[in-house]
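Protein chains: 4
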Amino acid sequence: MMFASDNWAGACPQVQRALADLGPDVAPAYGGDALSAAVNARLSEIFETPVESLMMATGSAANALALAHFAKPGGITLAHKNAHVMVDEYNGPERVSPGLKILGLSGHAGKLTTDGLGHVLQQFPDGVSRQGRLTCLSLTQATELGQSYTPAEISALAKLAKQQIGLGVHMDGARLANAITHLNCTPADVTWRAGVDCLSLGFTKNGAWAADLLIFFEGQSSVEAGYIRKQMGQNFSKPRFMAAQILAMLEDETWLKNAEHANQQAANLANGLAACDKCSVPLMPQSNEVFAYFEANDIERLQKAGASFYPWPDEDIPDDLKQADKTLMRLVCSFATCSKDVEVFLTQLGQSPHIKG
Amino acid sequence: MMFASDNWAGACPQVQRALADLGPDVAPAYGGDALSAAVNARLSEIFETPVESLMMATGSAANALALAHFAKPGGITLAHKNAHVMVDEYNGPERVSPGLKILGLSGHAGKLTTDGLGHVLQQFPDGVSRQGRLTCLSLTQATELGQSYTPAEISALAKLAKQQIGLGVHMDGARLANAITHLNCTPADVTWRAGVDCLSLGFTKNGAWAADLLIFFEGQSSVEAGYIRKQMGQNFSKPRFMAAQILAMLEDETWLKNAEHANQQAANLANGLAACDKCSVPLMPQSNEVFAYFEANDIERLQKAGASFYPWPDEDIPDDLKQADKTLMRLVCSFATCSKDVEVFLTQLGQSPHIKG
Amino acid sequence: MMFASDNWAGACPQVQRALADLGPDVAPAYGGDALSAAVNARLSEIFETPVESLMMATGSAANALALAHFAKPGGITLAHKNAHVMVDEYNGPERVSPGLKILGLSGHAGKLTTDGLGHVLQQFPDGVSRQGRLTCLSLTQATELGQSYTPAEISALAKLAKQQIGLGVHMDGARLANAITHLNCTPADVTWRAGVDCLSLGFTKNGAWAADLLIFFEGQSSVEAGYIRKQMGQNFSKPRFMAAQILAMLEDETWLKNAEHANQQAANLANGLAACDKCSVPLMPQSNEVFAYFEANDIERLQKAGASFYPWPDEDIPDDLKQADKTLMRLVCSFATCSKDVEVFLTQLGQSPHIKG
Amino acid sequence: MMFASDNWAGACPQVQRALADLGPDVAPAYGGDALSAAVNARLSEIFETPVESLMMATGSAANALALAHFAKPGGITLAHKNAHVMVDEYNGPERVSPGLKILGLSGHAGKLTTDGLGHVLQQFPDGVSRQGRLTCLSLTQATELGQSYTPAEISALAKLAKQQIGLGVHMDGARLANAITHLNCTPADVTWRAGVDCLSLGFTKNGAWAADLLIFFEGQSSVEAGYIRKQMGQNFSKPRFMAAQILAMLEDETWLKNAEHANQQAANLANGLAACDKCSVPLMPQSNEVFAYFEANDIERLQKAGASFYPWPDEDIPDDLKQADKTLMRLVCSFATCSKDVEVFLTQLGQSPHIKG
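Here the protein sequences line up with chains S, W, E and D, keeping their order.
Going by my numbering, the first residue of the first sequence is number 4, and it counts up by one from there.
Going by my numbering, the first residue of the second sequence is number 4, and it counts up by one from there.
Going by my numbering, the first residue of the third sequence is number 4, and it counts up by one from there.
Going by my numbering, the first residue of the fourth sequence is number 4, and it counts up by one from there.
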């Protein structure tokens, strides 16, 4: 009953096999090998457009590099006030890009709105104000609260950001596969076709050991970012161990299948919790994260019974979702979550699970 | 006949097995797992003293973090003018620690001398001058030219750096195992017992996929550096995949055995080249790197025959080793170099190999 | 009728005379002269405690240096969301201290409250959270909306910031003299006695050409900050031209007299506007800044008549002060504002001025 | 007998008068005033080409901004190894431009040569190597050792830097007026006509209190640098006090006349010293700095008699100028140095002065 985070899971069998296939064989360092060379080609197929990419050690690294890619003196990145780049990266983006400020915007369930974005853009005629210069908009897909932007929503936000002042659009896709699966759209639909310029694509939460990417869509070059990556100490000498993980995830749609499994478990869990008198589910999951209000004694009892799940920070709960007498808990499912875990959890809660799939 | 670099090799069998043993099992993220927790304990045994450590994506990252650990406003790091931190990291240390300068010192075969160091220290009474403030001394073991400092040499340099102005002493140990094997000393002898405060210990060149560490010896704390590592996007969510590699390398002295193998191949290669009329070996290897002068036609012929090896940059060749009519080539052996490779290379050169071991 | 800003005024006669007295005479550079040496002694008298100080080119520079003085990896400065360090310095503090984040707090009329501060501190047990580490609290005196914290208010905030997690307390005193004059307290009462550790003290808005200081109270050292100042290109070779301005401002309480004059003109202006049917004054001034709502046609008429005054940015107007049909204008008085300016302005508005003093 | 540095002098009468003429009158802040607006126009006349410029607090600030203007990730600035940007600015450029490295080149008497530059450029084909990317060449005019590059020398260096890899060319002109006067050329000849893109022009050492500029010649824009200047805390609210100094210096060629006076005093001093048995002058001055070897007892006696002059750092003395038994002293003349000072100094040394002019 490990619902603490999807990054508690290990590596999926496909990734394991791919690494096992990599032997002591010698190959050129720093990306000169065949596997590393194959990554861009494979991504270009999947995204239906030519892309460039840079492999990174973590999603935080990919995010910091993306913001650095768009940085300018006095530059301001717009993001949701509870976004990972804003509250979970220990000011890494601000260290990698000295002089960077991230301006946190409000928005229901972790999603920015065109109204909210438009209001802020008005304060920066031509992108400039006494505060600084807007450089890019960063969207998180799926959001920190497990919701997914539709392609139309992303498109509307990106259009607004670009039309007047040509902002770059970055997507933090640590859980992009979960969003794509939920939306039942193509990877292209929800990224570059909707106006995304630069994508942090995460495989680590979804079944790899450590494999994240910063992807540059048409019109963007990875050259300058490649130099910064090197300065960040992220230019792996043997990147084929990372390329192998990525190719394994992309092969036979493993990344989407893993996400589909995690989403389904999350849906089952949410449905069970919503049916429970003692719980309430303020937002039905649109990815692999479930948010539900629990009573204190239930939390204690479940944790004693071996369930790992944590309260969501108070300051990150939107006012309209606040509930005074209970505690908002986050439960995250992964490729490794099994139906049994969900069943036992719900049963422990005194709820008979009705689970499909 | 891959002698281009030791980082062209893949992972050694022990590392491969360790990764294969890691399944999809769930464990706490960000170092809360058992393997990650075991790393410091294991290193403390091997170094015979309590240590703290931080796992990093690359050796460059570990070096940048080490220099950041010692950084101060106006801070100057002393290093050999051809050291990796000086010429191979694309100013990464200077980006991670804004306002950092690395002052390059001369010294035969990549080794600093107490004379040379003393001369520079005189320019900084109490560690301060109009130029800035000295913060640390960084030594590379083995050096860029394949030589190894003896414990006594390190001790003399560290003592000089510390006694007057309390400089920190960092060791870039990307090839430390090779030096230890050559010197036939303990890991402790050549590090903290000789005055090293902070060690970049690399396993990647020596048989891992990606596993580097910054180790803090007694009197140094990893706490502040841990925050900086997070900002560098190097706080892995599943570090047990890295811990597993490290523990496998340390188990049963695999790291030293791998190094011993590489050193022996290098010695065989160097001996063969030294015995060859058309080559000259200006420095006998004290690790796994061979430097030898070749005639242009031999280089061309060997490369056509499939040998990969590269010229050493002119600007990094010490004046006393320069030889006008030939080209200085670097040949690096690794755990994966087999005797056959060395034999064939020497035979191609028209030299009958006499190889021991 | 120049009410655009107090930094539109030139230098006051006392500063002019002091500069005129400085001839071509030779004196040691970089602070070795007698005037520069006298600054700390004079400030120590005025603040009734030994202080150290560093002269800076601008108030923004002093603020950036203050935040750098308290900076740590992953460090977060707390400030009002409309504070100068937050919205007016083009991310200068974030450039000088790479990896710095400034967290903007709400609070009526530019003033932080213990409730608001306490709420944020709860999110950082022991000063640390997943977001980063709190390093200091920055208070603006007088605030951006012309209000002044009482010594008791500062003391309560500083106590809260210090008692649990030992935050540093910085005061941005670009208009400190105006606040002191309004509060009728001593410089000590409203700074170190109330818990302020580090003070940006501005003379430029109050009658100097360019003279700002960062003052370090007991327990704080200026040494490290001095090195950073040098890196910022602010180590003047002839600082006596700046010291002369500062000493002239401090001599015979010129700084307080200038502030008193400016405050009185602001009070007269505010009283006149408050008595005017077409205007409203949502906050009576507690320094030299007047905020008043005007009708659009009045603004246009007055500006045509030569009055310079500007609207306050919408996003910086607290919700409880918002007024839909009118425009909030800021009018700033300085030592150079004469009664005639205020009278003519009010008369133009169709208001007969009743002015005291 | 103040020969310690030209920045020990105060302000020249013309600057004093200009400041005295500036009263308490009100004018728009941040450069909206008439004097600030006149600076670019006046500089454009003097340099015979349209220029943009940014006023700065110090020459170090202007230099740091210039290097930031040309900075790129992994960027390397080429400069003489004893240049001010290399050894006297406490790594300020490296702080303002995180990730910057300054590579110090050798060259007689502080002057780079096309041979030396060409040798380094060869290590960076297309401007790039494993070390990083070349961004600009910084030349100091007059050099740290008081020598002046001829327009032809600058032109040859700039051509070399530009033709292959398009490096920017920066000139640190803290003593440009002294060089111009010595060379008897126009300001244009020795700057943009010779290929200089960006000029730090210093008035502080030459008769102002604090007035330095970064000038951008054709093809360069000051816009981005302007944002960085703001982040450096150098956007003065009342820049007319600085503009007034600059305009006074440029009016009626005061800047060149002051330099001519200083150069003449330096020439007189050097001639006197060269004629003295106990001294030797290894380089005849080509600006206002005299370098001469003295015996220890003479130094002591002269300092006791009130002369201020300092030894030149050992590490900055070129090998070919080294003289074992004596001490190399630097003596700097300024607009404020009077003939009497030189005469008395030489007389004290037991040398009868024969001085012209």
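Please note: incorrect hints may appear among the correct ones.
No copy labels: a pair is met if it fits in one copy or bridges any two.
To be verified - Below are the DSS-like pairs computed for lysine-lysine, each with C-alpha atoms no more than 27 Å apart in a straight line: (1) Lys-75 with Lys-343; (2) Lys-84 with Lys-325; (3) Lys-281 with Lys-75; (4) Lys-281 with Lys-325; (5) Lys-75 with Lys-162; (6) Lys-307 with Lys-343; (7) Lys-165 with Lys-75; (8) Lys-162 with Lys-329; (9) Lys-343 with Lys-260.
By construction, these hints were calculated from the structure, which means they are not laboratory data.
Hints, verified against the model:
no. : hint                 : verdict
1   : Lys-75 with Lys-343  : neither (50 Å within a copy, 46 Å between copies)
2   : Lys-84 with Lys-325  : both (17 Å within a copy, 24 Å between copies)
3   : Lys-281 with Lys-75  : neither (51 Å within a copy, 44 Å between copies)
4   : Lys-281 with Lys-325 : within (16 Å within a copy, 42 Å between copies)
5   : Lys-75 with Lys-162  : within (21 Å within a copy, 30 Å between copies)
6   : Lys-307 with Lys-343 : within (18 Å within a copy, 60 Å between copies)
7   : Lys-165 with Lys-75  : both (16 Å within a copy, 25 Å between copies)
8   : Lys-162 with Lys-329 : neither (40 Å within a copy, 32 Å between copies)
9   : Lys-343 with Lys-260 : within (19 Å within a copy, 45 Å between copies)
Violated hints for the displayed structure, listed by number in ascending order: 1, 3 and 8.
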